[in-house]
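Once you've looked at the hints, go ahead and assemble the two chains, each given alone in its own frame, into the complex.
Chain order of the listed sequences is A and B.
Just so it is clear: in the first sequence, position 407 is 407 by the numbering used here, and no numbers are missing.
Take the position in the second sequence, starting the count at 1, then add 1000; the result is the number in the numbering used here.
Note that these hints are calculated values from the structure, not bench results.
Warning: the hint list may mix true and false statements.
[Claimed, not checked] Calculated cross-link-like contacts (lysine-lysine; reagent style DSS-like; alpha-carbon spacing at most 27 Å):
#	chain 1	residue 1	chain 2	residue 2
1	B	Lys1038	A	Lys329
2	A	Lys155	A	Lys8
3	B	Lys1586	B	Lys1575
4	A	Lys362	A	Lys329
5	A	Lys103	A	Lys385
6	A	Lys103	A	Lys329
7	A	Lys266	A	Lys237
8	B	Lys1586	B	Lys1476
9	A	Lys385	A	Lys369
10	A	Lys8	A	Lys332
11	B	Lys1008	A	Lys237
12	B	Lys1453	A	Lys390
13	A	Lys386	B	Lys1453
14	A	Lys332	B	Lys1038
15	B	Lys1459	B	Lys1573
16	B	Lys1575	B	Lys1472
17	B	Lys1155	B	Lys1008
18	B	Lys1038	B	Lys1586
19	A	Lys362	A	Lys332
20	A	Lys385	B	Lys1459
21	A	Lys385	B	Lys1038
22	B	Lys1007	B	Lys1155
23	B	Lys1573	B	Lys1586
24	B	Lys1505	B	Lys1586
25	B	Lys1038	A	Lys266
26	A	Lys103	A	Lys386
27	A	Lys386	B	Lys1459
28	B	Lys1155	A	Lys237
29	B	Lys1505	A	Lys103
Each chain, written out:
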Amino acid sequence: MFFAITLKEIRLNAISFRFQVSMTLFFVLILGSMYMMSQNYTRRQQDFDVDRLRAREHVEQMMHPFEFMGFGRTWPQRPKVLGVFSSGLEQELSRPVTFSPWKEVELGSAPYSNPLFLLFQTPDFVYVVNIVLSLLAILFAFDAISGEKENQTLKLMLTNAVPRDVVILGKWVGGLLTIWVPFLLVTGLGLVIMRAVTGVPFQGDMLSSIALLVALSLGYVAVFFGIGMLFSSMAAKSSTSLILSLFAWVFFVLVVPNVAPIISRKVVSLPSPGNILLQRRQIEMEVRDEMRRDDREGAEAFSDFQTEVNNRFRLHLDAYDRQLSRQVKLAKRIAMVSPSSNFILASSEISGTGISEFDRLKRDIRTYKDWFIGPEGFVRATDEKKIRDKYPDRAFPPAVDAAVFEDHPFVVRTSPFNRMVATSLPNIIMLFLCLVATFLLTYVLFMRYDVR
Amino acid sequence: MLGTLIKKEFLNHLYSFRFMVSSALCVVLILLSVWVLKGDYERKVQEYRANTQAFRQELEEYDQAFELQFAGINVARPVNPMEIFYTGLKKSPEDRGNVLAFFKPNFSRDLFFDPIQPLFPVIDLLFVVAIVMSFLAFVLSYDAVCGERETGTLKLLMSYSIPRDMVILAKWVGGFLGVIVPYLIAMLLAVLYILASYRAVRFTGTEWLSMLITVAVSLVFIAAMYSIGVFVSVISRRSNSSIAVLLFVWVLMVLVAPNVSPYVVDQINPIDSPSKVQGEIRMTIGEMTAQFFRDMEDAAWAIAGVQDAAPQQQQQMTAADQRTRIEQAEVGRHDTRRSDDPAAIAARDAGATQAEIDQAMQMIPDNWESMSCDNIVAQFGNEVRGRLPMELSDQDMIALCRDNRDMIIAQLRPVIEEMQQQAAAPSAPTGRQAPAPSAQPAPAPAPLTREEKWQETGKWAFASDENREIAKDFLKDQMTRLADFTSETSDVSRRISRDYDRRVKRQLDTARNLSRISPVASLVYAVTEIAGTGIEADRHLHERLDAYQMDFNAFMREMTLPEDAGGGGFFPKTKEYSPDEVPLFKYSHQQVDRRLNYAMLDVFLLAAWVIVFFMLSFLAFLRMDVID
Chain A
1 MFFAITLKEI RLNAISFRFQ VSMTLFFVLI LGSMYMMSQN YTRRQQDFDV
51 DRLRAREHVE QMMHPFEFMG FGRTWPQRPK VLGVFSSGLE QELSRPVTFS
101 PWKEVELGSA PYSNPLFLLF QTPDFVYVVN IVLSLLAILF AFDAISGEKE
151 NQTLKLMLTN AVPRDVVILG KWVGGLLTIW VPFLLVTGLG LVIMRAVTGV
201 PFQGDMLSSI ALLVALSLGY VAVFFGIGML FSSMAAKSST SLILSLFAWV
251 FFVLVVPNVA PIISRKVVSL PSPGNILLQR RQIEMEVRDE MRRDDREGAE
301 AFSDFQTEVN NRFRLHLDAY DRQLSRQVKL AKRIAMVSPS SNFILASSEI
351 SGTGISEFDR LKRDIRTYKD WFIGPEGFVR ATDEKKIRDK YPDRAFPPAV
401 DAAVFEDHPF VVRTSPFNRM VATSLPNIIM LFLCLVATFL LTYVLFMRYD
451 VR
Chain B
1001 MLGTLIKKEF LNHLYSFRFM VSSALCVVLI LLSVWVLKGD YERKVQEYRA
1051 NTQAFRQELE EYDQAFELQF AGINVARPVN PMEIFYTGLK KSPEDRGNVL
1101 AFFKPNFSRD LFFDPIQPLF PVIDLLFVVA IVMSFLAFVL SYDAVCGERE
1151 TGTLKLLMSY SIPRDMVILA KWVGGFLGVI VPYLIAMLLA VLYILASYRA
1201 VRFTGTEWLS MLITVAVSLV FIAAMYSIGV FVSVISRRSN SSIAVLLFVW
1251 VLMVLVAPNV SPYVVDQINP IDSPSKVQGE IRMTIGEMTA QFFRDMEDAA
1301 WAIAGVQDAA PQQQQQMTAA DQRTRIEQAE VGRHDTRRSD DPAAIAARDA
1351 GATQAEIDQA MQMIPDNWES MSCDNIVAQF GNEVRGRLPM ELSDQDMIAL
1401 CRDNRDMIIA QLRPVIEEMQ QQAAAPSAPT GRQAPAPSAQ PAPAPAPLTR
1451 EEKWQETGKW AFASDENREI AKDFLKDQMT RLADFTSETS DVSRRISRDY
1501 DRRVKRQLDT ARNLSRISPV ASLVYAVTEI AGTGIEADRH LHERLDAYQM
1551 DFNAFMREMT LPEDAGGGGF FPKTKEYSPD EVPLFKYSHQ QVDRRLNYAM
1601 LDVFLLAAWV IVFFMLSFLA FLRMDVID
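Here chain B stands alone, though its shape is the one from the complex (with noise of 0.2 Å):
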């Protein structure tokens, strides 16, 4: 009896129009949508192969470890053929990524990319599931039950001897089935088209595995939309209120549920944008490299520069230190440049008294040598006197002067130009000048830049065999600092992304969960996971990507630190490596039974959905009116 009913049920969908329609509608999508999934990955392999190949190429080219450290290494994003039926979120073509001590590690994107596709999604397998299956589940099941009350032939099947609950039974059962074939047999042929191109696509057991699950679950998502359309078809009286209640439904569950709740979870908790995060770490990154330039400019500068004149100025200073010092440079040339006069810097940096200072302060004229003796003591006093054999009085000097005019001035010449040279040049970071005796005022050393005082340290260290020793010894320090800081800072920026990682996946387990109330939520979920391109197929490859972050450091640390045993030359030796050497990232996809486990939840709450609306409307039939 139940087989007739069953029987009859699938007949008379098998004949209607809208079966028609709605099967030639999935079996099209359903091929299109493999055939150019299929072509799509045969270039995304393609690619994947020409990048590998790119980045291997691109080890080559560095000479150093340092340049390579700097550079990073570029990694493919590893291409799973599950993606030919469900794109999930590989949607983005973010196909390289770039793995830097400094950064966590992540995929980006180029300018090629098609803009059609943000605005139109490519239709994969999943969308026709979710999508256009859920709404010819809903077309298909509306009039179940309540059309054939409004054309009276329930009543009629009533009158025989059938209990309800066969009725209703195999109502369900043979509608499903109408439901269901036209999708079994699209993906029948997929599967075979899929195997027909075995040269382009190879699919090894955990994909076929993956397929078969793929399509149970889709089908107990499908269970569950016809259970819900069985069961408001039994509660309304008229098949139209039906079909509007349906659509009301499908629109909701299908189309506004899932898209909307990770908005509403971003207004109740909301997280930084990545840009801003990266922003944060991008500086902090920035001051620890900037801090590191100096400290090592210093350290250098300290050593070589100032070594003999200054002994007791430390030569490795703690940031801290260097900070208040250049602080304190700051202030004081602040104070000292109340009127912009060089001859005052000069002065005071030569030791000199406030009172000379503010003699010097006023302005060289361009005619000093015309000037009157008693002005010219007056304002170059010091000068004078620091370059004539005996120690004289500013009388003695006005009288000296007026006698020997000319010996004075062109004793005071060079010293002159000098200062007005220097009214043109910056002054100097006065932080790092020895304070010279004050009997002995010279003109403070023109100010350096950094290119220069790299060259002084360069001289200084070739100057002497200890030198040399000293500068070897430096250097080596150096590059040990630099393995200490890139470590350093690969953990801030670590921290700071984890602390980011954390809140972001706070959020996406609330949006989640609040789009589980829709099915067809649950549906991308379960079928995306275990297909391997879902959520934690993701968090998957960035764990992986981020654990071979660190191996990458960590042998770039190696092939960066400084050999113990050096040879001859003057830049310390680091480790010798072949290309080869280089660790390089490798990315299996995750077993099944790993997928399938993040997939659980939501395969049992589909399950759920079809038991709950199966028992509703099996219940509700049985206490239905067949009779208006």
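In isolation and in its complexed conformation, chain A is listed as follows (with noise of 0.2 Å):
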């Protein structure tokens, strides 16, 4: 019986006319959005390779140690894979990271120079799916009861020796199949087609990453094809069930996730940066006053100057971090309300762009920045004596030792998968929570149901 109705359900889906116009829709826009993001993500790559050994050679080539002093090291970053499925922060992580000894470390100008890029979101992967799909699994819910009680079906079905729960059971297995499997059939493409594209080949972490990222977009149509039938089996009339999840959806979707920062702006408030560089000057100053008495030149003094000045902002620093994770952690504790920034959020720590990716860049730039300017650092590389002796036969000897940066490189180690899962446990739970409350819920309406 439960596979009848089941059956019956997936039918009368794959033969409405809203499905054939949806699936259209919702496979033209995965396959082209994983198409373009593969073919962005390999042109960013190869950018990626030639940025690399330009930087270097603009290092090596360099003549005067001032020079260097300047204009410093810069590192591109490459880009991230699974930034296909969802971009996230992406734009801010492949920024390329400038040290240099006079300046303060640098972020370099996003991939893109088009400002379209900056005015409209990223349409990838985990957009499409926010979006677009969780919209058609609400289309597919919102009349799978009160649409039935309108055309009068409904009363028929029951009176036949059908119990409620295998036939709410029924239609919620039915109507879920026929998005998850047309779903799944195009991911799988939309996989194939990215392999190719990008010839990065699917294996270890990148694997368990894919497999979840997909796991987590079935569960997060299930939850809103939940909240669809929910209001399917609250309402008596299919066109209230339809505005009803709609408000819902513009809610959850369009209202929370970008509602949630701007409170958490508003309670936990950030010190203003301007200050913050107001005060490194203001140690810069002290350190220059304390250190002018020594009266020592030359790159060893600079680098203990830069060290000191380093150390007493960092208490600054600190300060400023403390207060921005405070933020942030509010913003994402308000933002759980909702599936779809749970989705969002975890979304992207899996691929490698969430916001511990960008803290971890941030710790790996400081951590690099203390080696950079330490005596290990650029003092090593522009020692003139030491640069001689490894190149006894150039006539002009580089004015900066390259190796001692490329035996150093500053290289932003993506986490391993568990430690992402790790970070993103909360929300995955709320997901599955949500999916688990919105089931419960139209399972016990359904069964105090009017179906007169």
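In structure tokens:
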């Protein structure tokens, strides 16, 4: 009986006009997005290879230590493969990082020059699932119960010897399968495209990440399907249930995720970056005055100066970071109300483009900067004696020993899979809870549903 | 009659549940966004002031014009009060820029920013209008006609003596009023809020005017979306299918078309990433800088180091000459150093013949003092001969050695020790060495480091008054060269970036045109341009920054050029300047008429959407079959 109802539900959905239209739309969007993002990734990967070589050559050909002091060493950042799925903070994470003795650490320009990329959100896989697929799920669910009631078929069905729970379960499974199966199909196709375009083999952590991403998407879709079913079993008319679920959709997908950071920003205020930099200048002046008494010159003295400034400035930076992480944590907590933001937060973490990855970048930059301004960093790299010893046969030995940086490159390591899962676990659990809650509520409501 | 119909339609909306929910949503979102963004704006203004002050302070710290020239001047990004409503491109917190002669100036960012923002962009008024209001326009219009047909009231209405055109007009106007009333109320509240906080936010005529125009444009956009909704409602038989179709249209128009179009264009017409172009500029300028220093060092060394010994050598050499000379030197050294024997280099540098080189190439044994006289003469014959008062043949020298071995060894010791030292030290840049007469085989001078060379040059410069004058002229020349060099690098980087900007602009224009298939894109462009936070405004800002860079460069050039009427000092004087004289970056936002100019096309497009879909629904309604 259960199978009969499921099958009936699937057939009913599959022959409907909206199924054809929405699936066409969905196929085109997912495949198009996967193809474009993969192409985009490939190009950026190629650019990265060129940039990396260029950055090294630039240091190698420097003639004067001053050039290095001003221009420094730039480290382009490798684009993330899983950014194809969820670009998340990719635009920030893939900015080249420049360390130079005379200046603060600089993040270069984002990998896109066209300002339209800034004006509109990136249409990646997660975007399509988050917005389009969730809307489709609602479209399939809103009249599953109220529609049948309007058509009087529900009454008919319940006159047969079918328990209500079987009916609701069959409807649930059948409806979900009509979305899940095409979704899995198109995702598989998309993965094939991605593999062909990027040439990156799926293995190890990446494979598990992709599997988890797909599973999360299935869960996310199920939540919105559940919301549709919930309103369907609540309202007497299908148009009412549609309007209600659409408002719920707007609220969860468009409002909550964007309002959460606003509220947390109002609750936890951040110190102004401009003031922090002014404090840094203050510290610099203090240290300069103190060190002027020693009357030392040269790279080592400068390195000591920088290290001292850095150490004193660290306090301010840490205070800022603490406040920022409090703000972000609060925003994340508020956003947990919405399945959509749970989905985005979790999927960006799993793709290695999430907030924790950005924190890691910041941490790594600081660690590297400590090394860079220390005695082992730029001081050793610009030590003329050592360079001369190293290149005895060059009429013009380079001003900078580029090998020092090759031996100690700035690489931001991506977190292992289990770390990513651990970070996004609260969001995954919330998503799961939403799923269970909508199902249970629908179940209970349908049990009490007035079919007449 | 029309009035009654409009009133009925409007009231019908007003009492509905969806109207209540949607107006609450609209009002809450608009007020929330204005409240938050006003706070952001105040912070930005504070940042701007703090930055401007800090950057002005920096100017005081430079003792010399050169320091300022190489550090560059920092500028703060000006803030536009309209960001309270439309953040536009200013979403990214790139609030400071460094203007340096060498690179195209740009605004950059540091690590101080909220990482949650790129994930969940802040809601601004534009977001509310483009996404929420368009959604509401569809939700409130999808059953405008087909709903009434389903319930049968349309049939009833038509049975009265009311012309159809009046019915559809009334439906359109009444429904549209229902959509915009919550928006207008929310805007009114927002304006009151801004007026109330006049202490922090000063709106001038420009802002109020652009505010008014953006609201008008938003109304046109809502009308466009509403007309599309009415049209679909007229042509659909059932309201369920009408809303399904409208949802697809909404997803495509609002959420897909504008976002996808830049990627599509990027596929067709790819351009390099900015980091690649920056790398190119850095490389080019790095090469130029390297060449500049090389030339300067060579010129200095040519004057001071070898002027007396090699008068035939040119003092100023062209870059190409330098290159070939260095290459030749490298090749030559490579030939000689087959066995890495410093003795061979010394011999070659001293003008020795090939045979002698071959001889000298044999390793100097540590125990050379105990070697037989035949071997000593065979190996160090030349050196011995150079140190003896008369010319002797090898045979005579061997004889002399046998008689007077200690004397010969004592004579040879300094020479050989020098050779052994050379074996440890790196070789000299041979290209620069003056060939010594072969009759007087002197050991090659130890290779000098850059620093040592400069020291030597300094010593030479102070050796005599004549040298001093030459050195002064030289320094003056070099300072002029440096100024020229700076302008040259500026030109080169400007050229590369201008080329690149042109390509970006072409791509941008194509993407913009493609995205205009969606009225939402038109709305975004029109509103952000009018508010002065859009693409053209950004371009204007960058143009002004470029122009400022020219001013700054001109000023720096003047301040770093040596003055003719120099004082008595050794270093040529440059002009004195006070920090107040440094030109500062001043930016005023464009006037509304200019901004409106950029938005005209999109405003027309929006109006066209309204007209076309209104006409279509009008016609469709006239031909509609009221009876099922």
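So, going through the hints one by one against the coordinates:
1. Distance restraint check for Lys1038(B) and Lys329(A): the Cα-Cα separation of roughly 23 Å lies within the 27 Å cut-off, and the hinted pair is therefore satisfied.
2. In summary, the hint linking Lys155(A) to Lys8(A) is supported, as the alpha carbons are separated by about 16 Å, within the 27 Å threshold.
3. Restraint check: the Cα-Cα separation between Lys1586(B) and Lys1575(B) comes to about 24 Å, which is no more than 27 Å; the hinted pair holds.
4. Our distance criterion of 27 Å between C-alpha atoms is met by Lys362(A) and Lys329(A), whose separation comes to about 17 Å.
5. Restraint check for Lys103(A) and Lys385(A): satisfied, since their Cα atoms lie roughly 25 Å apart, inside the 27 Å limit.
6. A distance of roughly 31 Å separates the Cα atoms of Lys103(A) and Lys329(A); the hinted pair therefore is violated under the 27 Å criterion.
7. Between Lys266(A) and Lys237(A) the CA atoms are separated by roughly 41 Å; this puts the pair beyond 27 Å, and the hint is violated.
8. Between the alpha carbons of Lys1586(B) and Lys1476(B) the distance comes to roughly 34 Å, so the proposed pair goes past 27 Å and is violated.
9. For the suggested pair Lys385(A) and Lys369(A), the alpha carbons sit about 24 Å apart, so the restraint of at most 27 Å is met.
10. Of the supplied pair hints, the one linking Lys8(A) and Lys332(A) is violated, its CA atoms being roughly 41 Å apart against a limit of 27 Å.
11. Distance check on the hinted pair: Lys1008(B) and Lys237(A) sit about 24 Å apart at the alpha-carbon level, within 27 Å; holds.
12. With a C-alpha separation of about 19 Å, the suggested pair Lys1453(B) and Lys390(A) falls inside the 27 Å cut-off, and the hint holds.
13. A distance of roughly 18 Å separates the Cα atoms of Lys386(A) and Lys1453(B); the hinted pair therefore holds under the 27 Å criterion.
14. For a cut-off of 27 Å, the pair hint linking Lys332(A) to Lys1038(B) stands: about 23 Å separates their Cα positions.
15. Between Lys1459(B) and Lys1573(B), the direct Cα distance comes to roughly 21 Å. Compliance with the 27 Å bound is thereby established for this hinted pair.
16. Of the pairs offered as hints, the one joining Lys1575(B) and Lys1472(B) holds, with about 17 Å between alpha carbons and a cut-off of 27 Å not exceeded.
17. For the hint linking Lys1155(B) to Lys1008(B), the alpha-carbon distance of about 16 Å falls within 27 Å, and the restraint holds.
18. A distance of roughly 24 Å separates the Cα atoms of Lys1038(B) and Lys1586(B); the hinted pair therefore holds under the 27 Å criterion.
19. Between Lys362(A) and Lys332(A) the CA atoms are separated by roughly 19 Å; this keeps the pair inside 27 Å, and the hint holds.
20. At roughly 22 Å between alpha-carbon atoms, Lys385(A) and Lys1459(B) fall within 27 Å of each other, so this suggested pair holds.
21. Simply put, Lys385(A) and Lys1038(B) have alpha-carbon atoms about 57 Å apart, too far for the 27 Å limit, and the pair is violated.
22. Restraint check for Lys1007(B) and Lys1155(B): satisfied, since their Cα atoms lie roughly 19 Å apart, inside the 27 Å limit.
23. Pair hint Lys1573(B) plus Lys1586(B) does not hold up; C-alpha atoms about 30 Å apart against a cutoff of 27 Å.
24. In summary, the hint linking Lys1505(B) to Lys1586(B) is supported, as the alpha carbons are separated by about 25 Å, within the 27 Å threshold.
25. Taking the CA atoms of Lys1038(B) and Lys266(A), the gap is near 11 Å; set against the 27 Å cutoff, the hint holds.
26. Simply put, Lys103(A) and Lys386(A) have alpha-carbon atoms about 25 Å apart, close enough for the 27 Å limit, and the pair holds.
27. Between Lys386(A) and Lys1459(B), the direct Cα distance comes to roughly 26 Å. Compliance with the 27 Å bound is thereby established for this hinted pair.
28. Distance hint between Lys1155(B) and Lys237(A) is fulfilled; the C-alpha atoms sit about 22 Å from each other, no more than 27 Å.
29. Under the criterion of a C-alpha separation no larger than 27 Å, the hint pairing Lys1505(B) with Lys103(A) is inconsistent with the structure, at around 31 Å.
Checked against the numbered hints given earlier, the structure breaks hints 6, 7, 8, 10, 21, 23 and 29 and satisfies all the rest.
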